[in-house]
Amino acid sequence: METSNILCRIDRNRIYFELAPIEGANYRETTYYLIVMEKLAKPQIICHIEKSVNYSLFDAKWIPCSAKFVVMGSRPRGSGIIQIYEVSSGELKLIKDIERSNAMKCGTFKASSLRDRHLATGDFKGRLNIYNLEDPSIPIYTANAHKEIINSIDGVAGQSVGCGAPELVTGSRDGSVKVWDPRQKGKPVAVMEPKEGEVRRDCWTVAFGNSYNSEERVVAAGYDNGDVKMFDLRAMTLRWESNLKNGVCSLEFDRKDIAMNKLVATTLESKYYLFDLKTQHPKKGFAYLTEKAHKSTVWLVRHLPQNREIFMTCGGGGSLCLWKYNYPERRKQTDADGLEHGVVGSVSLLQNSTLSSQPVSSLDWSPDKQGLAVCTAFDQCLRVIITTKLNTI
Amino acid sequence: MDADKSILLQKQVRDNSEDLQSEFLDLKNWEEQMKRKDFEIRNAGGDQKVLPPVRSKKKKVIPLSAPKENNKPSTKRIRSHDYSAWDKFDVDKACKEMDKGDQSDESVEESLSKEELEKNHYEASKHKNEGNVLVKQQKWDKAVGCYSKAIAIFPYDAVFYANRALCYLKMDNLYSAEADCTTAVQLDSEYVKAYHRRATARMGLKQYREAKQDIEKILKLEPSNKEAVNMLIQVKKKIKSLNSVTITGENLIEEVSVEKRIGEKLCGKTVKDIKQIDNIVKPADTVPFTSTWILEEGDDVAIVHPIVKPPHQRSKKPLRRVSVKEIDYNDKLLTNSIKIEKNDENEVHKSPDVEYNSKKEVSLKSHSAASEIRENGKDTKSEVLKLPPVPKTAVQFLMNWKKNTCVEYRYRYLKQIQPGILHTIFQDSLESDTFSEILQILSSKFVVKNEAVFHYLEDLSQVKRFRALIMFMSNADKKEINILLEHCKAVEHRSEEEIDDLRNKYEI
Chain P
1 METSNILCRI DRNRIYFELA PIEGANYRET TYYLIVMEKL AKPQIICHIE
51 KSVNYSLFDA KWIPCSAKFV VMGSRPRGSG IIQIYEVSSG ELKLIKDIER
101 SNAMKCGTFK ASSLRDRHLA TGDFKGRLNI YNLEDPSIPI YTANAHKEII
151 NSIDGVAGQS VGCGAPELVT GSRDGSVKVW DPRQKGKPVA VMEPKEGEVR
201 RDCWTVAFGN SYNSEERVVA AGYDNGDVKM FDLRAMTLRW ESNLKNGVCS
251 LEFDRKDIAM NKLVATTLES KYYLFDLKTQ HPKKGFAYLT EKAHKSTVWL
301 VRHLPQNREI FMTCGGGGSL CLWKYNYPER RKQTDADGLE HGVVGSVSLL
351 QNSTLSSQPV SSLDWSPDKQ GLAVCTAFDQ CLRVIITTKL NTI
Chain Z
1 MDADKSILLQ KQVRDNSEDL QSEFLDLKNW EEQMKRKDFE IRNAGGDQKV
51 LPPVRSKKKK VIPLSAPKEN NKPSTKRIRS HDYSAWDKFD VDKACKEMDK
101 GDQSDESVEE SLSKEELEKN HYEASKHKNE GNVLVKQQKW DKAVGCYSKA
151 IAIFPYDAVF YANRALCYLK MDNLYSAEAD CTTAVQLDSE YVKAYHRRAT
201 ARMGLKQYRE AKQDIEKILK LEPSNKEAVN MLIQVKKKIK SLNSVTITGE
251 NLIEEVSVEK RIGEKLCGKT VKDIKQIDNI VKPADTVPFT STWILEEGDD
301 VAIVHPIVKP PHQRSKKPLR RVSVKEIDYN DKLLTNSIKI EKNDENEVHK
351 SPDVEYNSKK EVSLKSHSAA SEIRENGKDT KSEVLKLPPV PKTAVQFLMN
401 WKKNTCVEYR YRYLKQIQPG ILHTIFQDSL ESDTFSEILQ ILSSKFVVKN
451 EAVFHYLEDL SQVKRFRALI MFMSNADKKE INILLEHCKA VEHRSEEEID
501 DLRNKYEI
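In order, the protein sequence lines correspond to chains P and Z.
Just so we're aligned: 269 in the UniProt record's numbering is position 269 of the first sequence, and the numbers increase by one with no gaps anywhere.
Just so we're aligned: 251 in the UniProt record's numbering is position 251 of the second sequence, and the numbers increase by one with no gaps anywhere.
Think of the hints as simulated: they come from the structure by calculation, not from any bench.
Please note that a few of the clues may not be correct.
As the list claims (entries may be wrong) - The calculated lysine-lysine pairs, modelled on DSBU-like cross-linking and capped at a C-alpha distance of 30 Å, are:
hint : chain 1 : residue 1 : chain 2 : residue 2
1    : Z       : K5        : Z       : K37
2    : Z       : K217      : P       : K93
3    : Z       : K114      : P       : K147
4    : P       : K389      : Z       : K37
Just so we're clear, the structure is a prediction, and the values are computed from it rather than from any experiment.
Let's have the full structure, built from the sequences with the hints guiding it.
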């Protein structure tokens, strides 16, 4: 193929192609054009700002209704740090630097109203703290939540009206999952843990879902042995459980505040599972599909807040994959016994991109700007990324 | 066909970059919009929405396995009339269970209710008051213990930290003091005492810039704080002295006094020489710095004696490489770097260079520039000539001798060696070139200054292997000896016999 007809110019993050019209181009060239065109027609994942810091990053979250985000991590000497950055004309401005005695693992704003925007954090010592970022010297809520590190935290109902009380859920290495109401000091409102004497598996991830009215709510938890459990908080029962054979790194419902629709669970060994939660078969459970991705541990899944069918998975090799879920023609079927079971659709890979050489530890889509996200990786870099063309999919 | 495709592709590329451009533009608008929205939300009044009640506590624990059936033995309430059941009731076990329940509750209880905070604060204040009493008795370490207890109970009061910082200051534990002040300031950003103590700690740690910031903060909070004003002046002085390239008088004296002390320790004699150097201005960077090298007797190893300072007093500046060049004394050293002091001994001349240039020609013409200057400027001295102590071995002598080739230096060095001990220093290791150099110095400096050389000549003649040295003497050397002998005769009024004796020894 003659390359002289294609001029390629790379300028920062943009690639410019300039093509001269070709006479008598052959088949191969045509395919090449098609590939290029296909690539170009897809959404682009662009690293907008990259900033390296001098501590380990574990989590990043956008502050709702602002162009600011917080990052949480651990200093080399083991103390915790929360930093607030503002995206300001293509640069990051450090707004605040909060140092705490314990390393921070995870945090969320989801259980706090838009006016307060309090950050709930879980740390390495198993403490749950809620901070007012305006005055972070004393946490406004603190609890010795777990005996060991809090691996994951999630919140619900902080910003939406009519879907129940604001609650937090924490999952810890001590094997327990606890639900907290910030109005109740020091004590969890619900605890899900194995009975005394039984093996306690490390809980790696928790997520709220199905919170479509003031009563219904479920918590999904993923464990290091591949267990996925779904607890119904209204009935206080175990609604569903399954084993995915490999440790479950991340779980997320496509939406928290709707009747549960889809759940994505990512695992070690480069696989993720997508469950259709519309229909639960009494024996088979939920219909699901599996997909290989990243060729390494899939660390994370995050659904786009503006479009629930699109989600990003983050891999151990520092790669990001953008996926789209396509619904089947009919979402449920009735079998011979008259029982309904779900039908799963398919996923298509929209784009992939490698950001760093180390695993991406967290990613958070901006709730206010479609396509904007912040992610942290274990190469001690935080990155603001932009994904284009999400509105045209 | 293909042309169409390439055009299509081209269009797509263009679209893509346009997309991106608009995305960036959009982002900028969005940022501004968000700022506005953020501001509005922050200032908006609190319209409390009605929230559902806290989840009821019933059935709190869901066992993970076999969740449907509750395996726990149901602890039914025993009816008062059911005597047989009461007979079976194990009171001890029940008590234990209740205790257990209480304990677990306590461990979970970590609430920060107002009343509890107040209670904690009250308790902590008790410890604080104890600490205050101890402070008055100047029992610093015990007071630190009290304050630490108070902090453990209630870690949110700036006063505790500031008080503990004071104790640390008194105990000269500056780092801890600074850390405590920082915590206090974080808790109460307008706590003047904490800033003041931190400034003091930082002054001690030689972090003058940070100290200055603290003091400025104090002055912002309390513009009439006299102590802070004084401190600010002090700090500014320190910063200046750190910054300035030419060292100020105060510093110089300090430096010299260190030298002096070292000198005193090593040998009493040199102190006088160093005193002479006392009020001489520091040369520029390029001037070789003659450090004090000392040799232990009978040891070939050069030992550098470090100046030991406690870590907090050491300079925080990164080490800088100073290039050392050998400079000919006559033309560079004098004209470029030596600043002369005239009339007033304490006042440093600001522009000696300019003044000096005019004299340059004169001094250059003369072989002995330094002595010329001495005549012109009366008290002219050069600081470069930090003299090493009197040598005890030939190696020591050689090292010091070779270190500085300038005539003035060698003259002084030679002069401080008492005549009569040269041959004991050299024993049998005087080289012929060193020998001729010594002769040169004698003829050029000693003679010009009308000082006695006879002893030196006599002394040198007693060096072992002197005959061998004589054999290697050049004509110039011989001429110099002649001059020296003439000098002995004319100035020192030596007798003919003594001169003749020397003449014989030098085989002239």
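Hint check results:
1. Restraint check: the Cα-Cα separation between Z/K5 and Z/K37 comes to about 46 Å, which exceeds 30 Å; the hinted pair is violated.
2. Distance check on the hinted pair: Z/K217 and P/K93 sit about 24 Å apart at the alpha-carbon level, within 30 Å; holds.
3. Distance hint between Z/K114 and P/K147 is fulfilled; the C-alpha atoms sit about 26 Å from each other, no more than 30 Å.
4. Only pairs whose Cα atoms come within 30 Å are accepted, and P/K389 paired with Z/K37 is accepted, the gap being roughly 25 Å.
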